[in-house]
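J.: Start from the sequences, fold in the hints, and give me the full structure.
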Amino acid sequence: MVDWTDAERSAIVGLWGKISVDEIGPQALARVLIVYPWTQRYFGSFGDVSTPAAIMGNPKVAAHGKVVCGALDKAVKNMGNILATYKSLSETHANKLFVDPDNFRVLADVLTIVIAAKFGAAFTPEIQATWQKFIKVVVAAMGSRYF
Amino acid sequence: MSLSAKEKVIVKDFFAKVSSRSDEIGAEALARLIVVYPQTKSYFAHWKDLSPNGAPVRKHGITVMGGVYEAVSKIDDLAGGLLTLSELHAFMLRVDPVNFKILSHCILVVLSMLFAEEFTPQIHVAVDKFLALVALALSEKYR
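Heads up: the protein sequence lines correspond to chains A and B, in order.
Residue numbers are given in UniProt numbering: position 41 of the first sequence equals residue 41, and the series is strictly consecutive.
Residue numbers are given in UniProt numbering: position 112 of the second sequence equals residue 112, and the series is strictly consecutive.
Just so you know, these hints were derived from the structure itself, not from any lab.
Don't take each hint at face value.
Within a straight-line C-alpha distance of at most 25 Å, the following computed DMTMM-like cross-link-like pairs (lysine to aspartate or glutamate) qualify [what the hints assert, rightly or not]:
id	chain 1	residue 1	chain 2	residue 2
1	B	K101	A	D100
2	B	K129	A	D100
3	A	K66	B	E118
4	B	K129	A	D48
5	B	K129	A	D102
6	B	K41	A	E8
7	A	K118	B	D128
8	A	K18	B	E118
9	A	K136	B	D96
10	B	K41	A	D3
11	A	K118	B	E118
12	B	K101	A	E126
13	B	K101	B	E24
14	A	K118	B	E24
15	B	K101	A	D102
16	A	K66	B	E117
17	B	K6	A	D48
18	A	K18	B	E117
T.: Here you go:
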């Protein structure tokens with residue numbers, strides 16, 4: 001079980017409250033596909049992902065970005081039990097989608113960078129530390145059902 | 001994984017563009033390193049002041065960023081150009097190379113934070129590759 005101080009909880013809730021999944025989700029997924037092109041392997045049915053411009057303009061990428069980042073809402077609302085909250089999503093990614101769990105870490109890193117761009121100096125080292133602790137727990141939970 | 005000619009230009013141009021704030025980038029990146037990854041403080045246990053905004057951390061961030069800029073100038077031969085720095089890290093400092101990845105991430109976060117408009121995905125991938133290659137060059141003399 002992960003311990004959260006009151007300060008950490010309110011930092012995450014506060015940060016997430018200012019984030020629009022519709023804005024951040026597409027940006028994060030597009031950036032993953034551009035910065036780590038091998039991740040495109042999972043999106044053969046998404047149409048044109050051949051160039052950064054194509055990726056950033058691709059509506060399926062944008063829509064899927066919203067889905068993926070939207071799922072973080074579950075973690076924010078269940079910080080005390082992220083592991084259980086993500087059990088079935090982890091199983092789906094492991095057994096049905098066959099997603100390499102390293103991709104969760106990759107998405108987490110990119111999300112951090114996208115959030116930094118949005119918040120600028122307000123994304124202080126302390127808030128970054130709390131955010132990265134939170135997202136690390138989510139990444140671990142997403143990988144927890146891979147055997 | 002190597003930098004294409006185009007990516008080298010992207011990296012050189014971007015770092016030239018942000019060079020007036022290189023001290024700030026370095027100081028911020030090192031502050032984040034020790035706050036977000038407290039285990040890295042083990043390399044600075046000899047400093048009296050380990051606060052992220054304190055003088056030793058800021059000064060060292062500037063030193064490290066100077067190294068990054070040196071790498072930019074040696075972008076056509078990183079392994080050769082960073083040989084002395086590699087020897088320093090391998091034999092004297094003995095920094096575990098895993099920390100190069102961590103610091104690279106902190107640098108990317110700071111670049112994104114300070115230059116949100118300019119730090120496009122295309123520039124992000126080129127800089128990420130460059131920092132990974134710098135890390136590799138620094139690891140050259142380790143064993």
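J.: Decide, hint by hint, whether the structure agrees.
T.: So, going through the hints one by one against the coordinates:
Between K101 of chain B and D100 of chain A the alpha-carbon distance is near 20 Å, which keeps this suggested pair within the 25 Å criterion. Under the criterion of a C-alpha separation no larger than 25 Å, the hint pairing K129 of chain B with D100 of chain A is consistent with the structure, at around 21 Å. As the CA atoms of K66 of chain A and E118 of chain B are separated by approximately 24 Å, the hinted pair is consistent with the 25 Å bound. For the proposed pair K129 of chain B and D48 of chain A, the alpha carbon gap of about 24 Å is at most 25 Å, so the pair holds.
Simply put, K129 of chain B and D102 of chain A have alpha-carbon atoms about 18 Å apart, close enough for the 25 Å limit, and the pair holds. Proximity of K41 of chain B to E8 of chain A is assessed by CA-CA distance (about 21 Å); at most 25 Å being required, the pair is judged to hold. A threshold of 25 Å between alpha carbons decides the hint, and for K118 of chain A with D128 of chain B the separation of about 19 Å falls inside it, so the pair holds. Under the criterion of a C-alpha separation no larger than 25 Å, the hint pairing K18 of chain A with E118 of chain B is consistent with the structure, at around 22 Å.
For the hint pairing K136 of chain A with D96 of chain B, the CA-to-CA distance comes to about 21 Å; that is within 25 Å, so the pair holds. Only pairs whose Cα atoms come within 25 Å are accepted, and K41 of chain B paired with D3 of chain A is accepted, the gap being roughly 22 Å. Taking the CA atoms of K118 of chain A and E118 of chain B, the gap is near 13 Å; set against the 25 Å cutoff, the hint holds. Distance check on the hinted pair: K101 of chain B and E126 of chain A sit about 20 Å apart at the alpha-carbon level, within 25 Å; holds.
Distance hint between K101 of chain B and E24 of chain B is fulfilled; the C-alpha atoms sit about 20 Å from each other, no more than 25 Å. Using a Cα cut-off of 25 Å, the hinted pair K118 of chain A and E24 of chain B holds, with the two alpha carbons roughly 19 Å apart. The straight-line distance between the Cα atoms of K101 of chain B and D102 of chain A is roughly 15 Å, inside the 25 Å bound, and the hint therefore holds. Pair hint K66 of chain A plus E117 of chain B holds up; C-alpha atoms about 21 Å apart against a cutoff of 25 Å.
With a C-alpha separation of about 23 Å, the suggested pairing of K6 of chain B with D48 of chain A holds against the 25 Å cut-off. Restraint check for K18 of chain A and E117 of chain B: satisfied, since their Cα atoms lie roughly 19 Å apart, inside the 25 Å limit.
Violated hints are absent here; each numbered hint is respected by the structure.
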